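Assemble the dimeric complex from its two separately framed chains, guided by the hints.
This is what each chain is made of:
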Amino acid sequence: MLLAVVAIAVFLLVEVLPLFWPDGASFPLEALWSSPDVSGEPEYRWLPHRLDDAAVPQASLAPLLWGTLEAAAWALVVAIPLALGAAAHSSLYMSPGLRARLKPTLELMEAMPSVVLGFIAGLALGPWVERHLAQSLSIVVVLPAAVVLLALGYRWLPDRLKAALTLRWAALWLIPCLLLLVWLAMSVAPMWEGWWFDGDLRLWVEESWGLDVQARNALIVGLAMGFAVIPGIYALAEDALSDVPRELAEGAQAMGATRWQTLTRVMLPVALPGVFSAIMIGAGRAVGETMIVLMASGNSALMTASPLDGLRSLASSIAIELPEAAPGGSHYRLLLLAALALFAFTFLVNTLAEVVRARLKRRFTRRKGDA
Amino acid sequence: MSRLSRCIGALKRTLLAPSRGPRTLSIAVSGEAPAAVSRVAPGAVSRVASRLVSGLVLSAMLVSAKVAAHDVAGSLDAIGSDTMAELMLRWGEQFEEQRPGVRLQLQVAGSASAPPALIAGTTLLGPMSRPMQEDESAAFIERHGYAPTPVVVGKDALVVVVNRHNPLSRLSRAELDAIFSDTLACGASESIERWQQLGLERPGGTIHLYGRNAVSGTHGLFRRRALCDGEFKVSVMVSAGSAAVVAAVGDDPAGIGYAGLNHLNADVKAVAIGNAEGGILPRRQSLRSGGYPLSRDLLIYVNRPPEGELPDVERAFLDMVLSPSGQRVVKELGFVALPPSVLAAQRHALGLAELPRDGP
Numbered sequence: 001m002l003l004a005v006v007a008i009a010v011f012l013l014v015e016v017l018p019l020f021w022p023d024g025a026s027f028p029l030e031a032l033w034s035s036p037d038v039s040g041e042p043e044y045r046w047l048p049h050r051l052d053d054a055a056v057p058q059a060s061l062a063p064l065l066w067g068t069l070e071a072a073a074w075a076l077v078v079a080i081p082l083a084l085g086a087a088a089h090s091s092l093y094m095s096p097g098l099r100a101r102l103k104p105t106l107e108l109m110e111a112m113p114s115v116v117l118g119f120i121a122g123l124a125l126g127p128w129v130e131r132h133l134a135q136s137l138s139i140v141v142v143l144p145a146a147v148v149l150l151a152l153g154y155r156w157l158p159d160r161l162k163a164a165l166t167l168r169w170a171a172l173w174l175i176p177c178l179l180l181l182v183w184l185a186m187s188v189a190p191m192w193e194g195w196w197f198d199g200d201l202r203l204w205v206e207e208s209w210g211l212d213v214q215a216r217n218a219l220i221v222g223l224a225m226g227f228a229v230i231p232g233i234y235a236l237a238e239d240a241l242s243d244v245p246r247e248l249a250e251g252a253q254a255m256g257a258t259r260w261q262t263l264t265r266v267m268l269p270v271a272l273p274g275v276f277s278a279i280m281i282g283a284g285r286a287v288g289e290t291m292i293v294l295m296a297s298g299n300s301a302l303m304t305a306s307p308l309d310g311l312r313s314l315a316s317s318i319a320i321e322l323p324e325a326a327p328g329g330s331h332y333r334l335l336l337l338a339a340l341a342l343f344a345f346t347f348l349v350n351t352l353a354e355v356v357r358a359r360l361k362r363r364f365t366r367r368k369g370d371a
Numbered sequence: 001m002s003r004l005s006r007c008i009g010a011l012k013r014t015l016l017a018p019s020r021g022p023r024t025l026s027i028a029v030s031g032e033a034p035a036a037v038s039r040v041a042p043g044a045v046s047r048v049a050s051r052l053v054s055g056l057v058l059s060a061m062l063v064s065a066k067v068a069a070h071d072v073a074g075s076l077d078a079i080g081s082d083t084m085a086e087l088m089l090r091w092g093e094q095f096e097e098q099r100p101g102v103r104l105q106l107q108v109a110g111s112a113s114a115p116p117a118l119i120a121g122t123t124l125l126g127p128m129s130r131p132m133q134e135d136e137s138a139a140f141i142e143r144h145g146y147a148p149t150p151v152v153v154g155k156d157a158l159v160v161v162v163n164r165h166n167p168l169s170r171l172s173r174a175e176l177d178a179i180f181s182d183t184l185a186c187g188a189s190e191s192i193e194r195w196q197q198l199g200l201e202r203p204g205g206t207i208h209l210y211g212r213n214a215v216s217g218t219h220g221l222f223r224r225r226a227l228c229d230g231e232f233k234v235s236v237m238v239s240a241g242s243a244a245v246v247a248a249v250g251d252d253p254a255g256i257g258y259a260g261l262n263h264l265n266a267d268v269k270a271v272a273i274g275n276a277e278g279g280i281l282p283r284r285q286s287l288r289s290g291g292y293p294l295s296r297d298l299l300i301y302v303n304r305p306p307e308g309e310l311p312d313v314e315r316a317f318l319d320m321v322l323s324p325s326g327q328r329v330v331k332e333l334g335f336v337a338l339p340p341s342v343l344a345a346q347r348h349a350l351g352l353a354e355l356p357r358d359g360p
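Quick note, the sequences are listed as chains Y and W, same order.
Under the working numbering, the first residue of the first sequence carries the number 1, and numbering increases by one thereafter.
Under the working numbering, the first residue of the second sequence carries the number 1, and numbering increases by one thereafter.
Fair warning: there could be bad hints in the mix.
[Unchecked claim] Where chain W lies over chain Y, by a calculated footprint (3+ residues, C-beta under 8 Å):
#, region
1, 181-192
2, 197-208
3, 211-224
4, 296-309
5, 319-325
These are computed hints drawn from the structure, not numbers from a lab.
Keep in mind that this is a model prediction, so the values were computed, not measured.
Even for Gly, the Cβ is constructed at its ideal location relative to N, Cα and C.
Isolated chain W (complex conformation) (with noise of 0.2 Å):
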């Protein structure tokens, strides 16, 4: 008993050590929002990482990431879509390469923010996830007197996802529908919130929705084309960004979300989407075919007069884009290059030379 005594004084006489300053604790904090936007290479993310960055996604999102602008002769403004942030970006490093002296400033506050952009003239290139609007585009036609030209410069798709260790491979669309919504457009009969009742034995028990928040383009496109303009389920958990849907439903094993292709890690697995025939995984293959239901272009739009040309940094710009090297970024970030054909007809549209054939 004394000896417990003795190592309770001895405890008390360490903890109140008059000598000693007060103990502190200090937080750190990474102050490296921007740069984490989406710097996520597909597969290779251990869990800390991609926990990490769905974290600083959600700062990133309430402040809009803006690249520090130097006043240089000859600077390239954009304007527009955050999940093209990383890509524009990785341009940007490349266009340096080969004319020092020339900075992207790219602002990412979402696709919505390019076509205004546009219309005022702040900005010539406005990289978009979506299509314009008709609204959009009737708004730039009355300002400039032409339409804008879209430039696809890439491929992207929204995978669905579940737990790793979840049986589950194939869902048709009808079953996607019946799991995410509960309006059923798509022609289910009934709405599907039991794993046992797509047949599965595991993970048992009520299916977990995972989803985007309701202004996110990502939210948006997986309404329209997965849930054929329905409306999502109530229950829906809704994460701040692709990463944190991923991160979430690698930790859940009764979790489905669905997220940006570049956003796959080892955690998830992606659920192929098809009718009764078969299952479309979202492959190279299947998304440069068109194949894959839930795909989408990436897209720049210029503002360019049909019978003018682009300022020379905007044209050279574009040039590289739709070049081997810059389609080579667009492939190591996880999205879909463009076949050789749609480049080419890219390239064609614009008045850009047309590419060696025997290029590497």
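With the rest of the complex left out, here is chain Y (with noise of 0.2 Å):
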């Protein structure tokens, strides 16, 4: 195993290493973070085929890097409140016997190809999105509020009807609620629409704040990718929890703790390695996917912080690039030194996860022990 790493290293940068030495590239280093333009400006431009006959050479990495790490931020996002959420619900309050049956389904989801994800993403999602605006916004605010409502005012509920409405089946009684709600928020939408946006929010958008619409942007990648990457985190958070020994939780509970109170002060302290290490490889999927990218950014590689323009990422532009550039040329280096990038970018996140791991574990053993 370690060995295949090594030399997957190696090639990379046997094949990177013309750019730099003995000769050099064709082309001033400088040009692989940005390009002076026609005043002098820096300016970030990702023109690699055009390395050799261009006046000035452009072939800025900056905006691949930003573009792969505004897609995995913005997947993250997503993914981590609905991931961790999941994991304590299911690890804290769900049925066994639920659990057992929603766990198949969510390995499921994490089995689904990403270009199948992509290809829903950049062809229907996000089109979609496009049209109706106002619907999707009053999506993205009603539900979250709604749901942090339902929660508060959950105790409030006639006992019966809590009876009825056991938290432990929570996951299946929620979703016909959700689905009302989904309802609920699209049907108001043309109203608020109308009366504060002049019934069209996306010329307002544009008109007040200069925020252009793109199809493909990068938060239908963030939630195409976040789906992606929910399984994953999901899993390992799930098994860090179930991990914290039961005496604990239930030690809290006999001192008169409740449930919550259980899971933010004792079991979540003691599962935080875990929950870690459960982001940290959610962030390198993320990083280094390619399909959902490929097909649901647009591919122009922008340097906007607008999360409603598209992108470009490191792994795309190698997929897109990679079979069309001519063996040993400059082009093909360049996309094999983004390649490096991602290896160096992902086995650090990687290795950063496992010591973070490792540290945290130590610390809570030790503690163990003084007790």
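Shown next, in the form of structure tokens:
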């Protein structure tokens, strides 16, 4: 295993080396970050196919790095709350029977080919969101808010209703509630769009904030990739929470702690190393994910903070351009440099996850020994 | 209330019924990527189909399609353009009917793969959707001592497409450049970012640009001809195939893109390109006359020694390609067939017999 990893690293290094040594590349190495435009300002453009015939060679990896990190960040924004919430719920509240059924379903979700996810996101979800911007925004705002309100309001439900709607089975009876909420959110959308945004949210956003809504944008990528990353984070975090010694949770509850207090004060701190490494491994997958970004992002190498613009990641650039780049040329070596950067990044993230996990674990075992 | 709890109980029972095995969900993914490379009949494609094709084109792009090879004596090899893949396949089928037992072995990996194969002698026919570059033909001459023979077999054009609801009908060359590039090499004074700058009320807002990936021949042709060798804006959304560009523009009221002529469908509208006097639509007439600025020849490069003859099979194949039935295939696939005069000239150059004047 280790040998294979080392062999991959050596191969990439050997292929990339001619860019720097002995003769150097056919273009100045500063072009890898930025190149001056007409007025001398630095410009970040990825035009590797014109390295040899353009007046100013431009092969800035900056927009690709930016796109990669932006996509991964949005994926994690989507995935972390959902995956961790699901893990906490299923390890603490859910009935074991239901949990035994749900886990295989989530594994199926993990097994979903990413090209299918990307296809759906890029060709169905993206254009739909672009056309139904108000409805989408309405769902995004209403759903989390309503769920929090539901959770707060649950304790005031009459006891008989509570007996029917137990928390153990919340995963089942919440589904119709959520569908109802989605329907509500969508049907009120045209009303508030008319009241506050002159009936066209898209134009309003553009005129007042200067933000343009593209059909394939960072948010869509984040949504699809979040979906792909959730099962992995969930599985690891769930395992970490289940591994917490039963005595700890039972002890806390015996002392009068509620289940929520048990979770936040006792179980989460103990399981933190596992949860942390679950997130890190999710991040590693999001950074290296290719097909979803390739199909849902539009692949324009932009460097903007707007989540409604497209982006281009390192991995998808490699997938698009490598089959047609002449082996041995500067373009080819640049793409392998991008591959090397990806390799180094995932290597670092995974090592970091492992190191932090080991350290936290040591600390907890030591504390246990002291007690 | 009790009814509700009973209902939930029933739900639990059905979901957790122990007698049933684990529910599985199967996802079927069609594996016919190579067959779907570009079987897109113009105008007749439903939206779903074109989306499917655009997805499959992507997979076909990554795996160079290779047609099953049967080792029959007198097999015919061709290596080259993926734009012309469907065309070559159809000609191959037609040729097989004429000469049973002869099979066309086609490798499509892009126009750039044709010259090396011709130089190395692995094939005598190299379909290309662009003329050979200087260095490519120089390398050929160095190896063989004579120049490769280009045979024009049809015409293709790039069309600028907008959503079918877009009122835009015409763009000047300078406007086109100002929309797609930020170098403004064709003489426009300022970049065009919004539809309002073209004097359109609808579809308001920013223009969404769609195009091809930088290594494709379509991208190169558009950059040279439409952008006057300038450079594209960074904000162009890059798709893996012409069909994907058309599908994206068909879905986006504010979109504009460029694609091969044969990919046009009912969701998008072709925009006339022209100068101050008038616009030219990519119609058969303007393409034949060369008036449409974004047209290109579809070529088959042939390795033919100046005083020798082509082998019998290759010769018969080109004879069929340059015949009315071969040209009908060109038309059927959404490209433009050659006018009779050009056809006759091509046949003459190859030393083929003249076509009967009152042929079909």
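Index of numbered hints that the structure contradicts, given in increasing order
The structure conflicts with hint 1 only, although it agrees with all the remaining ones.
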